[in-house]
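Enquirer: Chains as they are written, first to last, in this note's numbering: chain V, 154 to 468; chain H, 5 to 475.
For the record, the hints were derived by calculation from the structure and aren't laboratory data.
Be aware that a few hints might be false.
[To be verified] Some residues of chain H that are not near chain V, with every Cβ distance over 12 angstroms (derived):
hint: 1; residue: 14
hint: 2; residue: 20
hint: 3; residue: 98
hint: 4; residue: 141
hint: 5; residue: 197
hint: 6; residue: 259
hint: 7; residue: 278
hint: 8; residue: 323
hint: 9; residue: 329
hint: 10; residue: 334
hint: 11; residue: 377
hint: 12; residue: 413
hint: 13; residue: 421
hint: 14; residue: 457
hint: 15; residue: 458
hint: 16; residue: 463
[To be verified] Derived, one-sided and incomplete: chain V residues facing chain H with beta-carbon distance under 7 angstroms:
hint: 17; residue: 269
hint: 18; residue: 282
hint: 19; residue: 284
hint: 20; residue: 327
hint: 21; residue: 328
hint: 22; residue: 329
hint: 23; residue: 332
hint: 24; residue: 442
hint: 25; residue: 449
[Unchecked claim] Restricting the straight-line Cα-Cα distance to at most 20 angstroms, the calculated cross-link-like pairs of lysine to any residue (SDA-like) are:
hint: 26; chain 1: H; residue 1: 124; chain 2: V; residue 2: 447
hint: 27; chain 1: H; residue 1: 124; chain 2: V; residue 2: 454
hint: 28; chain 1: V; residue 1: 463; chain 2: H; residue 2: 125
hint: 29; chain 1: H; residue 1: 124; chain 2: V; residue 2: 282
hint: 30; chain 1: H; residue 1: 304; chain 2: V; residue 2: 282
hint: 31; chain 1: V; residue 1: 463; chain 2: H; residue 2: 121
hint: 32; chain 1: H; residue 1: 124; chain 2: V; residue 2: 286
hint: 33; chain 1: H; residue 1: 124; chain 2: V; residue 2: 453
hint: 34; chain 1: V; residue 1: 463; chain 2: H; residue 2: 304
hint: 35; chain 1: H; residue 1: 304; chain 2: V; residue 2: 287
hint: 36; chain 1: V; residue 1: 463; chain 2: H; residue 2: 126
hint: 37; chain 1: H; residue 1: 304; chain 2: V; residue 2: 286
hint: 38; chain 1: H; residue 1: 124; chain 2: V; residue 2: 188
Even glycine gets a Cβ: it sits at the ideal position worked out from N, Cα and C.
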Amino acid sequence: MDYVLLLQRIFDALFNSAIYSSLALALVIIFRSTGLLNFAQGEMATFTAYIAFVLLSGPQPRLTGGGLAGLIPGVPFSIPLAIAGAVICGMLVGAATERALIRPLGGASDLALVNITIGLLLATNSLMAQWWGTGPRFFPSIFPTGAGQHFMILGARLRYSTVGVWAILLSVLVLLVLLLRHTRAGLAFRAVSISPSNAELVGVRVGPTLMYGWALASGFGALAACLSANSVLLEPSMMLRVLVYAFAAATLGGLDSPKGALVGGLIIGLSQTLIPAYVPFIGFELSVLPALVAMVVILLIRPAGLFGTKRIERV
Amino acid sequence: MSEPLVVVAKDSAEHKRWKYVQWLYLAGFLVLAPLVLEPFEIGKMNRALIMSVAILAVNLVVGFNGMLALGHSAFMGIGAFVTASMVQDENWDYWQVLPVVLIVGFIMGVVIGLPALRVKGLYLALVTIAQAAVFPTLVNIDELGIAARTGGPNGKGVSEEVIAPGYLEWLPGVDGARGGSAYRYWIIILMLGITLLVITNYLRSRPGRAVLAIRDNEAGAAVYGVNLPIVKTMNFAISASLGSLAGLMWCLDKGFVAGQDFTFLLAIDLIIGLVLGGVGTIQGSIVGGLFVVWVNDLTKRISIPLGLYTLNGDGPLAKAIFGLILILFTFFAPGGIVSLARMVQSKLIKVVPLTPAGDPIQPISSFDPGMESKRADSALKLAIVPPVLLAVGWLLMNVDSLIVGVFAFGLRMTILLAPVAMLVGSNELKAHADGNRADSVQGTANMARLLGAAGTLFVIVYALQRFVVNY
Numbered sequence: 154m155d156y157v158l159l160l161q162r163i164f165d166a167l168f169n170s171a172i173y174s175s176l177a178l179a180l181v182i183i184f185r186s187t188g189l190l191n192f193a194q195g196e197m198a199t200f201t202a203y204i205a206f207v208l209l210s211g212p213q214p215r216l217t218g219g220g221l222a223g224l225i226p227g228v229p230f231s232i233p234l235a236i237a238g239a240v241i242c243g244m245l246v247g248a249a250t251e252r253a254l255i256r257p258l259g260g261a262s263d264l265a266l267v268n269i270t271i272g273l274l275l276a277t278n279s280l281m282a283q284w285w286g287t288g289p290r291f292f293p294s295i296f297p298t299g300a301g302q303h304f305m306i307l308g309a310r311l312r313y314s315t316v317g318v319w320a321i322l323l324s325v326l327v328l329l330v331l332l333l334r335h336t337r338a339g340l341a342f343r344a345v346s347i348s349p350s351n352a353e354l355v356g357v358r359v360g361p362t363l364m365y366g367w368a369l370a371s372g373f374g375a376l377a378a379c380l381s382a383n384s385v386l387l388e389p390s391m392m393l394r395v396l397v398y399a400f401a402a403a404t405l406g407g408l409d410s411p412k413g414a415l416v417g418g419l420i421i422g423l424s425q426t427l428i429p430a431y432v433p434f435i436g437f438e439l440s441v442l443p444a445l446v447a448m449v450v451i452l453l454i455r456p457a458g459l460f461g462t463k464r465i466e467r468v
Numbered sequence: 005m006s007e008p009l010v011v012v013a014k015d016s017a018e019h020k021r022w023k024y025v026q027w028l029y030l031a032g033f034l035v036l037a038p039l040v041l042e043p044f045e046i047g048k049m050n051r052a053l054i055m056s057v058a059i060l061a062v063n064l065v066v067g068f069n070g071m072l073a074l075g076h077s078a079f080m081g082i083g084a085f086v087t088a089s090m091v092q093d094e095n096w097d098y099w100q101v102l103p104v105v106l107i108v109g110f111i112m113g114v115v116i117g118l119p120a121l122r123v124k125g126l127y128l129a130l131v132t133i134a135q136a137a138v139f140p141t142l143v144n145i146d147e148l149g150i151a152a153r154t155g156g157p158n159g160k161g162v163s164e165e166v167i168a169p170g171y172l173e174w175l176p177g178v179d180g181a182r183g184g185s186a187y188r189y190w191i192i193i194l195m196l197g198i199t200l201l202v203i204t205n206y207l208r209s210r211p212g213r214a215v216l217a218i219r220d221n222e223a224g225a226a227v228y229g230v231n232l233p234i235v236k237t238m239n240f241a242i243s244a245s246l247g248s249l250a251g252l253m254w255c256l257d258k259g260f261v262a263g264q265d266f267t268f269l270l271a272i273d274l275i276i277g278l279v280l281g282g283v284g285t286i287q288g289s290i291v292g293g294l295f296v297v298w299v300n301d302l303t304k305r306i307s308i309p310l311g312l313y314t315l316n317g318d319g320p321l322a323k324a325i326f327g328l329i330l331i332l333f334t335f336f337a338p339g340g341i342v343s344l345a346r347m348v349q350s351k352l353i354k355v356v357p358l359t360p361a362g363d364p365i366q367p368i369s370s371f372d373p374g375m376e377s378k379r380a381d382s383a384l385k386l387a388i389v390p391p392v393l394l395a396v397g398w399l400l401m402n403v404d405s406l407i408v409g410v411f412a413f414g415l416r417m418t419i420l421l422a423p424v425a426m427l428v429g430s431n432e433l434k435a436h437a438d439g440n441r442a443d444s445v446q447g448t449a450n451m452a453r454l455l456g457a458a459g460t461l462f463v464i465v466y467a468l469q470r471f472v473v474n475y
């Protein structure tokens, strides 16, 4: 067995793992607070990546589908600034979605909530295709991605971009933990996610807290989309596939555990690269299979996922 | 019109007459469809009816058992590929494949349902969506001869044409230019009819009631002795079997199957149809199937110039409209089109149920408004408005715009309400003869009856004329 090649494959897989983890984290944040899976998470993230793209390229009528070019600031933004803009935009979109579409439904059935997010998925996806076209677009990377831009570790190349993505993911995660553990808003958020009715009784304003949760999640999604847009090329459906993996990652780790999302993303990313490489009858086009099989198996053994809390049913 | 116009006891002669009229309308539509529609439109109709069967399959799990399973596109795919492979490679007939497809679908349902139904709610949605997402790639596996059977990425065509045998050429529409698709239309109608019969009876049976009980209260059902895993898995397997049947019909109708036809997007289409039609109703599945296909078709023809650029429904916009419709329905009509239709129906007729002894639980006469009756006025309105709308619809037809065209079609369809006006008018006259109405009612009721009769006559003559011209 070629250990350098194995190491190389692991390093390559790490990049995707980070993307899956961050989108899975977005799903987990929303699931924890509202008990809802946001099927439109990927499309909302893609939308913000397009926003970043428009910010980057400045006013070009070709990109904006005409008419609205005047609304976009005149100066092309630098990449970090554009991504920051996209994240802020994503947070606004997330908060608006919660306020306009989710909260009015109240405690509706699971099916109704799934319908809303699926409707949002379809609408966002096709409106993006309508506005920006379906052709893939080149999205610059925030990290150097040239030929020599990597560390050499034991003969395998670890790209700067992989290290960078993980650095961003981990630092954002640290910020998130600090926010949840050490601020009043974080305390309120944790209280609401454990029991909305009790939180309300002790004076937490549930509605706005949930809105912040959605904003936070969509910000995460935006970050994931902007970081991955360079490698998968920017197009309206780019996050659809990523979303399936992120679902698998979140389920694997436990839908209500941020730690689980991180580990789940890692497992899915690694298995997606390693299993097709070492198991002969699974080709790369089937790379989605092991991830999903892993998800189903985990659900059967531990329906709550690796790190999730067990649900207890009261009659 | 807050009070219903007609109150009848269940199974009384008048109720039966009412039902006959409904059946007559249904039969009229079924017979006229292959005669009046263009060949490609019959193809659309076939596709819609196939979707109806698939949506009924989803409904069986989601609507009647309360399990959020969203991956039925995969079962459709399995059915379609088994059919294509057996018919093309093994030279079987379609009717020979039918039991095989049903059994394979059932087994797949057990295999997937047994583990999947251990998880609940959104977790189940996730597992089944994974199933839908992975299916299109599964048909491309080279191992085990799968790709050879399914045709891999190229898809598989069935060279055998479905042509009506000589003794069936009397069926409406089968003879002539639209013969092939019209014949398939009748096959699909037959299969759909049998499916509806079987499923309705299944839901009324002991296991069917157990399925409904699980939806309404799982713990309660378990306490009453329902074996949850068995009932759930069997129901899921029956639904999977039905999904495979829809796949068989798909293959029969299109003569070509490919993995790309059975993606996650098809699963989403099924969900949309389910919600638009009405979750947990049999009629809703049918309406949903028709709606998904025809609305998709209509949006594709939209073209609205908006200053600098034209909004074309041909491109990605169709999906946006679907997304919007899905959200709007979830908010404003969670019961779907069926619940809207029932709302209209409840304004027209109330059926009073019977006691076990066979009498109405409340005397029909107690619903009679007596001397102050406004029913004749309502009936007259109901007799006048549809012909006017019909005329307006006819005029609008000349406007060359899709949206106006659909609108005009809707306006023209209101003429189908004419018999109601006639019925109410004659009821009022009868009540007057019995001395229950003021004399002033007489003129209005007569008028309503006359106009209603004219409208009814028009519907009948028009339908007959279309039938004769095209047959």
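Enquirer: Confirm or reject each hint.
Expert: Now for the hints, and whether the structure bears them out:
1. The beta carbon of residue 14/H is kept farther than 12 angstroms from every beta carbon of chain V, the shortest such distance being approximately 31 angstroms.
2. With 12 angstroms as the threshold on Cβ separation, the claim that residue 20/H sits away from chain V holds: the shortest Cβ distance comes to roughly 36 angstroms.
3. With a cut of 12 angstroms on Cβ distances, residue 98/H stays outside the contact zone with chain V, its closest approach being about 31 angstroms.
4. Under the 12 angstroms C-beta cut-off, the non-interface status given to residue 141/H relative to chain V is violated; the minimum distance is some 6 angstroms.
5. With a closest Cβ-Cβ approach of about 28 angstroms to chain V, residue 197/H is found to remain outside the 12 angstroms limit, as its non-interface label requires.
6. The claim that residue 259/H is not at the interface with chain V holds, since no C-beta of that chain comes within 12 angstroms of its own (minimum 26 angstroms).
7. Its closest Cβ contact with chain V, about 9 angstroms, brings residue 278/H to no more than 12 angstroms, contrary to its assignment away from the interface.
8. For residue 323/H, the non-interface assignment is contradicted: its Cβ lies about 4 angstroms from the closest Cβ of chain V, within the 12 angstroms cut-off.
9. Some Cβ of chain V comes within 12 angstroms of the Cβ of residue 329/H; the nearest lies about 8 angstroms off, and the non-interface call is violated.
10. With a least CB separation of 5 angstroms from chain V, residue 334/H falls inside the 12 angstroms interface cut-off, contrary to its annotation.
11. Annotated as non-interface, residue 377/H keeps its C-beta farther than 12 angstroms from every C-beta of chain V; the closest such distance is 41 angstroms.
12. In this structure residue 413/H is separated from chain V by more than 12 angstroms, as the shortest Cβ-Cβ distance comes to about 26 angstroms.
13. Distance check for residue 421/H against chain V: the nearest CB is about 32 angstroms away, which clears 12 angstroms, and the non-interface claim stands.
14. At roughly 44 angstroms, the least C-beta separation between residue 457/H and chain V is larger than 12 angstroms, which holds for a residue marked as non-interface.
15. With a least CB separation of 44 angstroms from chain V, residue 458/H remains clear of the 12 angstroms interface cut-off, as annotated.
16. At roughly 37 angstroms, the least C-beta separation between residue 463/H and chain V is larger than 12 angstroms, which holds for a residue marked as non-interface.
17. Because the smallest distance between the Cβ of residue 269/V and any Cβ of chain H comes to about 6 angstroms, under 7 angstroms, the interface hint for this residue holds.
18. For residue 282/V, the shortest C-beta to C-beta distance to chain H is roughly 4 angstroms, which falls under 7 angstroms, so the interface hint holds.
19. Proximity of residue 284/V to chain H is violated relative to the hint, the smallest CB-CB distance being about 9 angstroms (cut-off 7 angstroms).
20. Because the closest C-beta pair between residue 327/V and chain H is about 29 angstroms apart, greater than 7 angstroms, the hint is violated.
21. Because the closest C-beta pair between residue 328/V and chain H is about 28 angstroms apart, greater than 7 angstroms, the hint is violated.
22. Violation of the interface hint for residue 329/V is found here, the shortest Cβ-Cβ separation to chain H being roughly 23 angstroms, above the 7 angstroms cut-off.
23. A cut of 7 angstroms between beta carbons decides the hint on residue 332/V: the least distance to chain H is about 26 angstroms, and the hint is violated.
24. Nearest Cβ of chain H to the Cβ of residue 442/V: about 6 angstroms, under the 7 angstroms cut. The hint holds.
25. Among the interface hints, the one on residue 449/V holds; its C-beta lies about 6 angstroms from the nearest C-beta in chain H, closer than the 7 angstroms criterion.
26. Under the criterion of a C-alpha separation no larger than 20 angstroms, the hint pairing residue 124/H with residue 447/V is consistent with the structure, at around 18 angstroms.
27. At roughly 14 angstroms between alpha-carbon atoms, residue 124/H and residue 454/V fall within 20 angstroms of each other, so this suggested pair holds.
28. In summary, the hint linking residue 463/V to residue 125/H is supported, as the alpha carbons are separated by about 14 angstroms, within the 20 angstroms threshold.
29. The suggested pairing of residue 124/H with residue 282/V is violated, with an alpha-carbon distance near 34 angstroms, which exceeds 20 angstroms.
30. Under the criterion of a C-alpha separation no larger than 20 angstroms, the hint pairing residue 304/H with residue 282/V is consistent with the structure, at around 15 angstroms.
31. Proximity of residue 463/V to residue 121/H is assessed by CA-CA distance (about 17 angstroms); at most 20 angstroms being required, the pair is judged to hold.
32. Among the hinted pairs, residue 124/H with residue 286/V is inconsistent with the structure: their alpha-carbon atoms are about 38 angstroms apart, more than 20 angstroms.
33. At roughly 11 angstroms between alpha-carbon atoms, residue 124/H and residue 453/V fall within 20 angstroms of each other, so this suggested pair holds.
34. With a CA separation close to 47 angstroms, the supplied pair residue 463/V and residue 304/H exceeds the 20 angstroms bound.
35. For the proposed pair residue 304/H and residue 287/V, the alpha carbon gap of about 17 angstroms is at most 20 angstroms, so the pair holds.
36. Restraint check: the Cα-Cα separation between residue 463/V and residue 126/H comes to about 15 angstroms, which is no more than 20 angstroms; the hinted pair holds.
37. Proximity of residue 304/H to residue 286/V is assessed by CA-CA distance (about 17 angstroms); at most 20 angstroms being required, the pair is judged to hold.
38. Using a Cα cut-off of 20 angstroms, the hinted pair residue 124/H and residue 188/V holds, with the two alpha carbons roughly 13 angstroms apart.
When each numbered hint is compared with the structure, violations occur for hints 4, 7, 8, 9, 10, 19, 20, 21, 22, 23, 29, 32 and 34.
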